[in-house]
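Undergrad: This is what each chain is made of:
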Amino acid sequence: MSESQSNIKLQAVNLTKKFDRRVIFEAVNFELGRGSSIAITGRNGSGKSTLIKIIARLLAQSSGELDFFDGDRKLRTEQFYKYIGFVSPYLNLYDEFTGFENLKIISDIRSSGHGNIDNVLQRVGLYSRRNDLVKIYSSGMKQRLKIAFSILHDPDVLLLDEPTSNLDLEGVGVVDDIADEYRKNRILVIATNDAHEKSLCAGELNLNRDV
Amino acid sequence: MFKQALSICKKDFYSEIRTRYAVNALLMFIIVVISVIKFSLGEEKLSAEMNAGLIWIIIFFAASNGLSRVFVSEEERGTSLILKLSTDSKSVFLGKLIFNTVLTFAINFFIILLYVLITNLEIKNLALFSLTTALGNLGLSAVMTIIAAIISKASSKGTLYPVLSFPLLLPLMLASISATWLSIEGVAFAQIAGEIQMIASYTIVVVTASFLLFDLIWND
Chain P
3 MSESQSNIKL QAVNLTKKFD RRVIFEAVNF ELGRGSSIAI TGRNGSGKST
53 LIKIIARLLA QSSGELDFFD GDRKLRTEQF YKYIGFVSPY LNLYDEFTGF
103 ENLKIISDIR SSGHGNIDNV LQRVGLYSRR NDLVKIYSSG MKQRLKIAFS
153 ILHDPDVLLL DEPTSNLDLE GVGVVDDIAD EYRKNRILVI ATNDAHEKSL
203 CAGELNLNRD V
Chain Z
-13 MFKQALSICK KDFYSEIRTR YAVNALLMFI IVVISVIKFS LGEEKLSAEM
37 NAGLIWIIIF FAASNGLSRV FVSEEERGTS LILKLSTDSK SVFLGKLIFN
87 TVLTFAINFF IILLYVLITN LEIKNLALFS LTTALGNLGL SAVMTIIAAI
137 ISKASSKGTL YPVLSFPLLL PLMLASISAT WLSIEGVAFA QIAGEIQMIA
187 SYTIVVVTAS FLLFDLIWND
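Protein chains in written order, with the working numbering: chain P, 3 to 213; chain Z, -13 to 206.
In isolation and in its complexed conformation, chain P is listed as follows (with noise of 0.2 Å):
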């Protein structure tokens, strides 16, 4: 991976998510620059995966501020995808095409090229499964594709929901590994109640005390 060259800057001011009249969180305040890593902790349904896909602009805040920076740049809202990585339980890859097709597809969507594809393969351990059609990968094996799916276009802020589920050892320390280096060059947001999971971030943001 290469490093980062952009200064991007992630601002949220008084976040607010409600489903009609429930509150899930609100008043969420966070703001994370390059180097920055933080996880979102709290009890089942805290909404932790809710603020997640907010700030992937999955879904919209009821209230409050979600700003990207570029420097001192405001980016547009419909250019943020372009900045996201994001891995969540949500997230399903296309069943009818292999691993290596799928990450082909989404490349020629973005229009990034093909270049990246085997490295992330290889990163994630999937290069000698990646003519296998995904609708026989084992669920370990398609969250691995869906960790190479957010790290292929090399985005700025990695935004996992619960990364490890479903892998093994191995697995593990390869989320580990891109962790870390979100963790140390750009931006890495989790949200976890695993306590492996919570100790590659450097914050907390707990979602029953901090709103």
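For the record, the hints were derived by calculation from the structure and aren't laboratory data. Any given hint could be a false lead.
List time: in silico EDC-like cross-link candidates among lysine to aspartate or glutamate, alpha-carbon distance up to 16 Å [said to hold, decoys possible]:
| id | chain 1 | residue 1 | chain 2 | residue 2 |
| --- | --- | --- | --- | --- |
| 1 | Z | Lys31 | Z | Asp74 |
| 2 | P | Lys144 | P | Asp97 |
| 3 | Z | Lys(-11) | P | Asp110 |
| 4 | P | Lys200 | P | Asp182 |
| 5 | Z | Lys(-4) | P | Asp182 |
| 6 | P | Lys20 | Z | Asp206 |
Chain P is fixed; fit chain Z onto it per the hints.
TA: What follows is chain Z alone, placed relative to chain P:
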């Protein structure tokens, strides 16, 4: 945007080849419906107006069967997040619109070919008939694509699709049936210029409104 849209269209095309989500259901539907029409009619000859109406009824219900899948399958399989994390909403809509338009043209060509062969329908102005059905197909795929995006978020997708699309498609269907009927009878272009203008204007308005609204639907 166009390059990304073509990549999405290409992905849907290869996905359709491998899964045959839409094509198998559509082919079965078309063959069954046209066979039922043939058995019901026997040797009886229908008027041009009746033929035009029947052709567009088959086209409408075939479209209701197959065109929703571009968005519904992404939502049901949880792959819509991949697209949301990979490109902007306009590219997604354009890609899905291109795919649905190509699919609509293919199935409608098959419907008309089969209908003409089975009912021995004589089309007196083939050029005008082709223009009318081609423009109607464009409008149909535009409406069906944006409605597919809306209903993909709902729980009762199958029921909602024809119910929501029918009132929206009514002006297009009426103009298309009228233009198709007259082209079967062999009238000159000048006599159906009004219908052609209406279909073209309708399609432009729907495509423009869809591009403006799609971001709200997609990111809901």
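Undergrad: Against each hint, give a clear statement of whether it holds in the structure.
TA: Here is what the structure says about each hint:
Distance hint between Lys31 (chain Z) and Asp74 (chain Z) is unfulfilled; the C-alpha atoms sit about 51 Å from each other, more than 16 Å. For the hint pairing Lys144 (chain P) with Asp97 (chain P), the CA-to-CA distance comes to about 10 Å; that is within 16 Å, so the pair holds. The straight-line distance between the Cα atoms of Lys(-11) (chain Z) and Asp110 (chain P) is roughly 8 Å, inside the 16 Å bound, and the hint therefore holds. Pair hint Lys200 (chain P) plus Asp182 (chain P) holds up; C-alpha atoms about 12 Å apart against a cutoff of 16 Å.
Using a Cα cut-off of 16 Å, the hinted pair Lys(-4) (chain Z) and Asp182 (chain P) is violated, with the two alpha carbons roughly 36 Å apart. Restraint check: the Cα-Cα separation between Lys20 (chain P) and Asp206 (chain Z) comes to about 14 Å, which is no more than 16 Å; the hinted pair holds.
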